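A.B. asks: The chain contents come next:
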Amino acid sequence: MSAIQLKPDQILKEITNFNTKLAEGVKNLRNVGELPAGVTEKEAIYTEDKVTLYHYKNPTGKKATNKTPLLISYALVNRPYMTDLQENRSTVRGLMEQGLDVYLIDWGYPDRSDRFLTMDDYINGYLDRCVDAVRDHAGSEQVNLLGICQGGAFSLCYTSLHQDKVKNLVTMVTPVDFHTPDNMLGQWIKHIDVDLLVDSMGNIPGDLMNWTFLNLKPYRLIAQKYIDMVDILDNPKSVCNFMTMEKWIFDSPDQAGECYRQFVKDCYQKNKLVEGGLDLNGQEVDLKNISCPVLNVYALDDHLVPPSASKAMAKAVGSKDYQEVSFKGGHIGIYVSGSAQALVPPSIGKWLNERD
Amino acid sequence: MAATKTAQASETGSEGTQQNWDSWFKNQRAFFDQQIKTATEAQNQWSGFFQEWQKSLSPTMPGANQYQQFFTQAGKQFLDMQQQFYQWSGQDKQPADMTGDWLKGLQGFFLSMLQTNTAPYDPAQAWKNMSETFLKGGNALGSMFGGNFTGGQGFGSNPFAGQGFNPAAWTSSQPWNVQGAGSFQNFDPFGFYASLPGIGYTREKQDAWNLLYKLYAEFEQQTRKYNAAMAQVGIEAVQKFQDYVANPPADAAPLTSLKEVYAKWVDVCEDVYARYATSDEYTKLYGEVVNALMAFKGQVNTLVDDMADQFNLPTRSEVDSLHQRLHALRRDNIELRKLVDEIRGVKSPKSKAAGAPSQGKKQTKKGGK
Numbered sequence: 001m002s003a004i005q006l007k008p009d010q011i012l013k014e015i016t017n018f019n020t021k022l023a024e025g026v027k028n029l030r031n032v033g034e035l036p037a038g039v040t041e042k043e044a045i046y047t048e049d050k051v052t053l054y055h056y057k058n059p060t061g062k063k064a065t066n067k068t069p070l071l072i073s074y075a076l077v078n079r080p081y082m083t084d085l086q087e088n089r090s091t092v093r094g095l096m097e098q099g100l101d102v103y104l105i106d107w108g109y110p111d112r113s114d115r116f117l118t119m120d121d122y123i124n125g126y127l128d129r130c131v132d133a134v135r136d137h138a139g140s141e142q143v144n145l146l147g148i149c150q151g152g153a154f155s156l157c158y159t160s161l162h163q164d165k166v167k168n169l170v171t172m173v174t175p176v177d178f179h180t181p182d183n184m185l186g187q188w189i190k191h192i193d194v195d196l197l198v199d200s201m202g203n204i205p206g207d208l209m210n211w212t213f214l215n216l217k218p219y220r221l222i223a224q225k226y227i228d229m230v231d232i233l234d235n236p237k238s239v240c241n242f243m244t245m246e247k248w249i250f251d252s253p254d255q256a257g258e259c260y261r262q263f264v265k266d267c268y269q270k271n272k273l274v275e276g277g278l279d280l281n282g283q284e285v286d287l288k289n290i291s292c293p294v295l296n297v298y299a300l301d302d303h304l305v306p307p308s309a310s311k312a313m314a315k316a317v318g319s320k321d322y323q324e325v326s327f328k329g330g331h332i333g334i335y336v337s338g339s340a341q342a343l344v345p346p347s348i349g350k351w352l353n354e355r356d
Numbered sequence: 357m358a359a360t361k362t363a364q365a366s367e368t369g370s371e372g373t374q375q376n377w378d379s380w381f382k383n384q385r386a387f388f389d390q391q392i393k394t395a396t397e398a399q400n401q402w403s404g405f406f407q408e409w410q411k412s413l414s415p416t417m418p419g420a421n422q423y424q425q426f427f428t429q430a431g432k433q434f435l436d437m438q439q440q441f442y443q444w445s446g447q448d449k450q451p452a453d454m455t456g457d458w459l460k461g462l463q464g465f466f467l468s469m470l471q472t473n474t475a476p477y478d479p480a481q482a483w484k485n486m487s488e489t490f491l492k493g494g495n496a497l498g499s500m501f502g503g504n505f506t507g508g509q510g511f512g513s514n515p516f517a518g519q520g521f522n523p524a525a526w527t528s529s530q531p532w533n534v535q536g537a538g539s540f541q542n543f544d545p546f547g548f549y550a551s552l553p554g555i556g557y558t559r560e561k562q563d564a565w566n567l568l569y570k571l572y573a574e575f576e577q578q579t580r581k582y583n584a585a586m587a588q589v590g591i592e593a594v595q596k597f598q599d600y601v602a603n604p605p606a607d608a609a610p611l612t613s614l615k616e617v618y619a620k621w622v623d624v625c626e627d628v629y630a631r632y633a634t635s636d637e638y639t640k641l642y643g644e645v646v647n648a649l650m651a652f653k654g655q656v657n658t659l660v661d662d663m664a665d666q667f668n669l670p671t672r673s674e675v676d677s678l679h680q681r682l683h684a685l686r687r688d689n690i691e692l693r694k695l696v697d698e699i700r701g702v703k704s705p706k707s708k709a710a711g712a713p714s715q716g717k718k719q720t721k722k723g724g725k
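Residue numbers (my numbering), protein chains in the order written: chain B, 1 to 356; chain S, 357 to 725.
Watch out, some of these pointers could steer you wrong.
[What the hints assert, rightly or not] Partial selection, computed: residues in chain S whose CB lies under 7 Å from chain B: (1) Phe-434; (2) Met-437; (3) Gln-438; (4) Gly-461; (5) Gln-463; (6) Ala-606; (7) Pro-610; (8) Val-622; (9) Cys-625; (10) Met-650; (11) Thr-658; (12) Ser-677; (13) Leu-678; (14) Gln-680; (15) Arg-681; (16) Leu-685.
Don't read these hints as lab results, they were simulated from the structure. Keep in mind that this is a model prediction, so the values were computed, not measured. Don't be surprised by glycine CBs; every beta carbon is placed ideally from N, CA and C.
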């Protein structure tokens with residue numbers, strides 16, 4: 001028997017529904033208006049070049065119960081407001097509800113004047129000075145550091161070199177072993193001449209990064225996603241939610257050339273976080289130096305950072321207090337889905353509060 | 357006799373049923389026709405909007421046009437599929453036949469893509485593509501280059517300008533007879549001349565432009581290989597989908613809507629693509645096409661710098677050099693401040709390292725987005 005069992009009248013009905021939604025959808029799309037880039041009130045407490053360090057204000061007015069400030073270090077790829085996308089989809093708010101005092105680094109939009117910023121400039125420079133700024137602001141000797149994706153890799157490097165300033169380390173969807181067979185980006189980068197790429201491009205355009213990410217699942221992300229969008233086009237609220245995500249996905253800063261060069265060559269191509277030998281201005285990054293408690297949060301259906309790439313952290317770090325939280329979802333869903341909101345911030349909050 | 361009567365009655369009954377069905381279907385069709393008619397305008401608008409939107413998602417990547425179309429086609433497929441199934445539903449076609457026809461159309465598309473990208477390479481077209489696609493680009497700088505490429509109306513950097521080298525001439529059917537080069541059909545005049553070393557006063561510039569052509573031709577050929585591989589992925593996906601339709605797994609739910617058919621088609625495509633995209637063959641191909649593009653872009657940069665210099669403008673390499681020195685100075689400054697703090701007995705570096713933090717600085721994206 002054929003797998004396809006279509007009836008003519010159903011075909012006609014489906015097409016009619018589709019077209020009706022399209023017609024209504026164009027109207028709803030036009031009415032979307034300005035989309036938010038983060039919803040929770042925050043104060044800039046430190047800026048340097050294009051980097052801004054924010055301190056979030058708890059909308060409930062409640063004071064943090066955890067004594068150690070939590071600093072979120074996001075990736076250089078995409079924008080950090082993913083953690084605070086909408087009122088009901090905000091990891092930041094979820095963390096504050098757990099009694100945490102939340103700070104976040106916004107790396108800004110590098111331009112060609114930032115092309116020679118290195119990994120060392122980001123990790124031992126900006127990140128270190130933001131950690132110091134948080135310590136000053138909160139009056140705390142140490143911070144809890146939460147690194148996301150590439151920001152997680154940076155946080156691992158930072159903690160290995162500045163263990164004294166980090167009380168607890170949390171990583172979310174963070175790659176450590178870049179050579180696992182299911183890591184599609186890791187496979188693709190194998191034969192790329194990264195020096196030629198950076199020398200020719202200067203900074204790596206955000207558009208180019210997006211195009212690469214879309215091509216991980218091209219049929220789904222370039223085509224089917226927008227066909228499926230039609231289903232929600234007659235619902236203004238759903239359209240707004242969709243477009244908020246769409247804005248975030250394509251709001252992609254360019255990557256500072258030198259930092260990109262080292263990150264891709266040392267991490268993706270040479271796998272130095274696992275193999276060793278990652279050098280930041282003469283200091284070797286050794287994840288075995290990480291002795292503080294580590295919580296590794298990963299997504300089971302992550303197509304950008306497969307669980308295997310993240311779970312390698314267990315053997316790489318020197319900590320004796322290492323725990324994992326897995327989430328049934330993808331690289332983005334871990335911040336925005338309803339189930340993630342119910343699981344992830346409470347798990348992180350509980351884990352940090354137990355170690356305060 | 358009785359049996360004949362029964363058969364006649366049965367036939368009459370069948371005819372009646374068929375007439376009822378036809379009549380019902382005609383009415384339904386008229387109803388839906390009216391609804392679809394009102395919605396068609398919106399769909400047409402949407403199709404254009406959808407495609408324009410998709411185009412805006414992708415970077416202006418040289419040579420990526422066909423590749424982009426390949427995937428954009430995947431979205432358009434659903435709209436086409438709707439239209440085709442709608443038309444076929446009025447032609448008493450069985451779903452299996454409709455699906456077969458739809459898949460045939462897809463297969464035709466991928467075969468055509470494969471054919472285009474495996475056809476003999478046309479170096480004259482490569483030259484035309486380079487001058488039109490890359491360098492004329494519709495902007496001022498592009499026009500400057502375009503002038504250079506099309507007959508020496510630029511400012512003299514092009515070694516071919518004024519030396520009788522007119523690329524347009526090579527696209528004519530003039531029967532060139534260059535010893536050892538074979539017939540014109542197999543002769544690559546650009547490659548032939550581009551491989552000659554430059555001579556005379558403009559020797560280095562000739563070499564620079566020759567290299568540009570060679571790198572572009574290399575990129576274009578790598579892109580063709582890549583597109584051909586993507587076409588093969590499409591052909592394999594069609595085959596897999598056909599197999600699925602004919603012999604679905606016992607526990608598979610039937611596909612009862614166009615949306616479900618399309619979703620299954622996407623699943624199959626992603627599955628075939630994912631397996632290929634993690635293969636050694638693909639990763640090598642991907643590396644080759646990216647490296648070829650970057651080599652070409654690097655050479656464009658060299659020529660742009662050369663031209664900027666002629667206009668007494670700062671070049672990218674000069675600006676880069678300044679930025680490098682600036683960053684080096686800042687790093688030194690940070691280290692010195694730390695040292696001063698230590699000498700002064702400041703307890704911890706805390707927040708003020710490279711400069712005093714400022715507040716309320718507005719973030720802008722790429723020049724103000």
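A.B. asks: Does the interface hint hold: is Gln-438(S) within less than 7 Å of chain B, judged Cβ to Cβ?
C.D. replies: 5 Å, holds
A.B. asks: So, Gln-463(S) near chain B? Judge it on the closest CB pair being under 7 Å.
C.D. replies: Check failed: Cβ of Gln-463(S) comes no nearer than 16 Å to chain B, outside 7 Å.
A.B. asks: Using 7 Å as the Cβ threshold, decide whether Pro-610(S) counts as touching chain B.
C.D. replies: 4 Å, holds
A.B. asks: Taking the closest Cβ pair, is Gln-680(S) under 7 Å from chain B?
C.D. replies: Holds, because the Cβ-Cβ distance from Gln-680(S) to chain B comes to roughly 5 Å (cut-off 7 Å).
A.B. asks: Given Met-650(S) as an interface hint, is the shortest Cβ-Cβ distance to chain B below 7 Å?
C.D. replies: Holds: closest Cβ of chain B sits about 4 Å from Met-650(S), inside 7 Å.
A.B. asks: With chain B as the partner, please determine if Ala-606(S) meets the hint condition of a C-beta pair closer than 7 Å.
C.D. replies: Not OK, violated: Ala-606(S) not within 7 Å of chain B, min 10 Å.
A.B. asks: The hint names Met-437(S) as touching chain B; please verify it with the least Cβ-Cβ distance against 7 Å.
C.D. replies: At 10 Å from the nearest chain B Cβ, Met-437(S) fails the 7 Å test, so the hint is violated.
A.B. asks: Take the shortest C-beta to C-beta distance between Arg-681(S) and chain B; is it under 7 Å?
C.D. replies: 9 Å, violated
A.B. asks: So, Ser-677(S) near chain B? Judge it on the closest CB pair being under 7 Å.
C.D. replies: Where the cut-off is 7 Å and the nearest Cβ of chain B is about 10 Å from Ser-677(S), the hint is violated.
A.B. asks: Against chain B, is Leu-685(S) within 7 Å by beta-carbon distance?
C.D. replies: 11 Å, violated
A.B. asks: Quick one, is the Thr-658(S) hint okay against chain B at 7 Å, beta carbons?
C.D. replies: Violated: closest Cβ of chain B sits about 10 Å from Thr-658(S), beyond 7 Å.
A.B. asks: Measuring from the C-beta of Phe-434(S) to each C-beta in chain B, is the shortest one below 7 Å?
C.D. replies: 5 Å, holds
Checked against the numbered hints above, the structure violates hints 2, 4, 5, 6, 11, 12, 13, 15 and 16; every other hint is satisfied.
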